[in-house]
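Construct the entire structure; sequences and hints are all you get.
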Amino acid sequence: MGRDKLTRQSLGGSLYNRINEAKVLMVGAGGIGCELLKNLVLTGFGETHIVDLDTIDLSNLNRQFLFRHEHIKKSKALVAKESASRFNPAVKIVAHHANIKDPQFDVEWFKSFDLVFNALDNLEARRHVNRMCLAADRILLDAGTTGWQGSVTVIKKGVSQCYDCNPKEAPKSFPVCTIRTTPSQPIHCIIWAKSYLFTEIFGTSEDDAPELDHSEDQENASEIEKLRKESQALKKIRELIGKETFKKSVFDKVFHEDIDRLRSMEDAWKTRKAPEPLQYDKLVAETTGIASSVAQSDQKEWTLQESFVVFNDSLDRLGKRFQDLKETSNGNSSTPPILTFDKDDEDTLDFVAASANLRSHIFSIDSKSKFDIKQMAGNIIPAIATTNAIVAGIVVLEAFKILRDPPEFDKARSVFLTRLSNSPGVTASESLLPPNPYCPTCSVAQAQLVTDFTRAKLKDIVEGVLKAKLNYSEDFSVSTEAGVIFEPDLEDNLEKKLSELSIGKETFLTVRDEADDCPRTNLILSMIEKSLPADEGAVQLPEAVVIPQRPQAKPEPSMSNGSNATNGTKRKRDATEADLEDAGKMSKKGKVQESGPITIEDDDGAILLD
Amino acid sequence: MAAPQYYDIVQAREGRDVLWRPKAEVRRSKCRCMNLPAVLWSFVGALPTSSQECNFGSSLRPGRHETRALVIPQDMESPTPPILHGPTSKEKKYDRQLRLWAASGQAALEESRLLLINSGPGVVGIETLKNLVLPGVGHFTILDSGIITEADLGVNFFLEEQHLGGYRAEHTCNLLKELNPDVQGDFITDHIESFLSNQLALKPYTLIMVTSPVKAEILAQISSHASTTGTPIFYIHCVGFYAQFSVHLSPSFPIVDTHPDPLSTQDLRLLTPWPSLLDLARRKTTGLEQMNEHDHGHVPYVLLLLHYLDLWKAEHDGQAPGNYKDKTAFRESVAKGARTNTPEGGEENYDEAVAAVLKSLNPPSLGSGVREVFEAAECQNLTTQSASFWIIAHAISTFHKTHSALPLPGSVPDMKAQSKDYIELQNTYKTKARHDIGEVTENVRAIEKQLGRTSQIEDSEIEAFCKGAAHIKLVRGRPFHIMMPGQMPAWGDRAKFAALSLTDPDSLVLLYIAFLAYDSFISSHTTGGLGSASVVPGENNTESDVEMMASMAYAITDDLIQQSGIAMSASEQTVAKGKIEQYVRELVRAGGSELHNISSLAGGLIAQEVIKVVTKQYVPVDNVCLFDGIMSKSSVLRL
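Residue numbers (full-length UniProt numbering), protein chains in the order written: chain E, 1 to 610; chain A, 1 to 639.
Derived from the structure by calculation, the hints contain no laboratory data.
Built from N, CA and C at the ideal position, the CB exists for glycine as well.
All the pointers check out, no bait thrown in.
DMTMM-like mimics (lysine to aspartate or glutamate), calculated; alpha carbons at most 25 Å apart, straight line:
(1) A/K420 to E/D260
(2) A/K359 to A/D279
(3) E/K74 to A/E178
(4) E/K235 to E/E346
(5) E/K411 to E/E21
(6) A/K177 to E/E70
(7) A/K496 to A/E581
(8) A/K92 to E/D345
(9) E/K5 to A/E160
(10) A/K92 to E/E70
(11) A/K420 to E/E266
(12) E/K92 to A/E160
(13) A/K92 to E/D57
(14) A/K616 to A/D459
(15) A/K92 to A/E178
(16) A/K432 to E/D366
(17) E/K23 to E/E408
(18) A/K616 to A/E91
(19) E/K74 to A/D182
(20) E/K5 to A/E161
(21) A/K90 to E/D54
(22) A/K92 to E/D347
(23) A/K90 to E/D344
(24) E/K73 to A/E178
(25) A/K579 to E/E408
(26) E/K401 to A/D506
(27) A/K449 to A/E375
(28) A/K420 to E/E223
(29) E/K411 to A/D506
(30) A/K90 to E/D347
(31) A/K577 to A/D504
(32) E/K74 to A/E91
Now the in silico label distances, taken between C-beta atoms and shown as ranges:
(33) E/S499 to A/N174: 52 to 62 Å
(34) E/F409 to A/N540: 35 to 45 Å
(35) E/D410 to A/N540: 30 to 40 Å
Far from chain E, some chain A residues (derived; all Cβ distances over 10 Å):
(36) Q199
(37) L207
(38) K215
(39) K313
(40) S333
Encoded structure:
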């Protein structure tokens, strides 16, 4: 009896053969990926490619069973391949230790697969694969888990909802002055410690951070200017690293001097308790006898004195590391050394936890344990083996439907795992929903440009293709994920080469028709690299494209949960409206649900980090 | 955990949602707290973007926080704690799961000893164990007398060519242990009959899993062990595209820590405010009309609602709005209080107040789960041997009789407010919660004295119970059906439910009946004799097996309808039997073999329930779970 007899018997011969011949791509070799790879290999999928950039960490081992302690710091993709190959010598596994956004993984490459599986844990990569599969017209099976919950869905261009059809949670944003001037929650102090204090001392300056929105600086010039001065003063202290006075200088600056300045703004403290500056020397006297090992008590909330001890101790440790870095990089001093916050880096976590708690004390905010701060600062998402196993099993079931001859796409389902005690099942499934006609990613026209990157300029696209071939008049814009690169008022980039604008064959360009009358839907351009004869245009449009008109009624603008700098304000709904919308959602869900109630959450704008 | 005994678990001092929903700050595009014009700082760093983790698909919200705070008791708060336990490598390894079931759950997991009774080449039991070894179960034992064949290699990912001819239990056990060096494991290759001939054989195990096929008498023996000792038993099927498992729990299986939805745990007592809350509301809303723009826009919504309730009651004979119509009218009256001449054209605190009217203005009521606990005989008739759960439950039911309310959980949601006011409001709720806990503790101590109990129930246990009181749950475990040769299952008080489910298109009860017929087939085909293998449907003659199994399933269905006393039309019966036949055909076609991804999936589902049972957290499946891989559909039935 052959090793595949039982599988063949269960699946039936013809499906089993198609699975044997299938070439599939699995993006992500983490929690879901390990389970999924095992399923694919044991089910007999002929050729599986794995792409994962990540390396193995200790905290992976409670669920990513293809990895052992001795694999820590090694490539997930490579180790996963090595471990899973033993399960079934008859199948082929190809591992890529690389970023799925790398140019080598272009649309043509995606087209070489029969099916694509997303086994990813981050939004950006999932959106990227989604776009790639839409451009390559390949079916994407997307799986995700968080704690006990999970979801599986099937994305087919033009037939079912894509990953972007439902707006994602809006980016979390805090006004600068909440973080820097008027914190009221532990999270504010944690963000202050992680993204302001830590980065100003050891990292790149906050000013350089892309998340800083300067659009309203004009309105608050004076306070912004003061905050900027504070940052600069802090940066000077960086030069004291290694000196005796370093720790006290940092402390005095941020926990005393800056607090004093805030206190002096009397208007602000009329209705709330003014912050209380801390005294370095007084704390030194109070903390004799407290060992720095208190930093290891990560489950309890530290006292003020304990936070102080951890602050000093972690600053020592970070200072030394910074010095060492500086010495080793002395040869090439073009890039100054920096340290970056990492939740799994004990030194940086101790510093952030201690600093956040000191600041909380100043503002009479509850302190948090290091364990909790780690979760809040590091966006830790709970993860366990069981949920991944369930989701990975379901994904393969959906893959069977698609691989049948003829494909049973109409039977494909979105499946959700719930942990609701009142649910009649442990899973709930619903039929796939048709694409959202307003989806910025899939309800758009798509075109591919054959591009000679050695000489192509933005002008070749804007003038040579969009205006000349596709009848765009004047009012339109072109953007990449990073932002707008061309619009009527922005013509500086036209003469630049695409490479200068960081446009490669992995880049998507979005063309927005801004015409007042009957604008057309957005056009997504993907690139195929090819060297073209010098007497021809550097960018060519190989196939005719039809760009339909944009649907008339515009729904509430969906939040783009990504990098587009355009978002920021969110229209606030009044409560009555919110109730109505929720009711509407409920009845809609009620119709499509297959078994068991689907969680209907009060969409009150709750922002949950995990 | 390195030292779980050092940890004590209490509920977070405030609801986690407070921390994670700083919406007032987040959604405001202009910060006006300090009358400063403001900048919107798009803080991408705290977001699930780029390299950070956001695992969710398009349709589900990100998971909620289920973490609970771990607080070290007084004696650990000395300035220099012993260096026993920093985050050890073990804690780091388990970090992602500790955030779900906390140190208490982990300790329970590490104290458990599991037994898997396996036969045949099926791997669903092994897949389940894999998902329990990874998170660090204490000890497992595999009982399996089978020898490894080619067929095993195709389904069992652990086994390779070199293992052919060896004991399946031995090699699988060794390879499972490699997954987690912290886990102890062993194996037994005796035949199940000889193993069970020792009366004490099952005694060491805290939870037992049995996979089909297994002889009915053996299953009956194990089930009776569960009935006498309260040891949880899982009985598992996995065939082709289908999986099913039944859970036999103790008839009294209470759960304190059910991890309810954080949004459902908010209990603001707006209709029954206590004096200090009322006082706070009156102080903070004095001169509301005259307040400046900033103050008016920062009165916490809870206090606004109390204020407008006062006004409403004055006009309605002291009655709070009770029905939907009144509440809507009340909501209008609150909405009218908002100022619209602000730069935003409204006030966020008023928006919050308006949104909270329908869900917060409810009189305290007792959920059915709590009621069931209070009414249970174990709660009403305490003995010296009563478990601490029942003593606390009794104390809380006394509290409830006195106050017509459960102890206050004490958490307050995030809201638009000035920090000072918010903290004062928080303290008012916390103080009341502490006071309630104090009263319950007094009740507990009095009961302990009355019963003459020598050991005291831990304060922390009482506190955790009080905070979760509204969501405690009692599962009444029951034995599952065992198909003894020539016998029909007894449906008892579930006959009516099961019979009605026969015509429910969403229920998988028909698949359950097909599995009962599957067991019945095995019972009637077992040749007897020590270690004789079970014959499963489809192994030999497919078409005659379908016929035989289907007729068994029809007989079970007819008998069920008869037991239930429910009339079912002939056409309904024909439809039901037609579906049963499809299930039977599919089960027979698989010939007892597993489909790898189904066993893997089922192994995830079962391990998940084992964790719930072992940690006594969350509400486990009660008592039958079915999965249909053809429809990607599941069903949990109490049968």
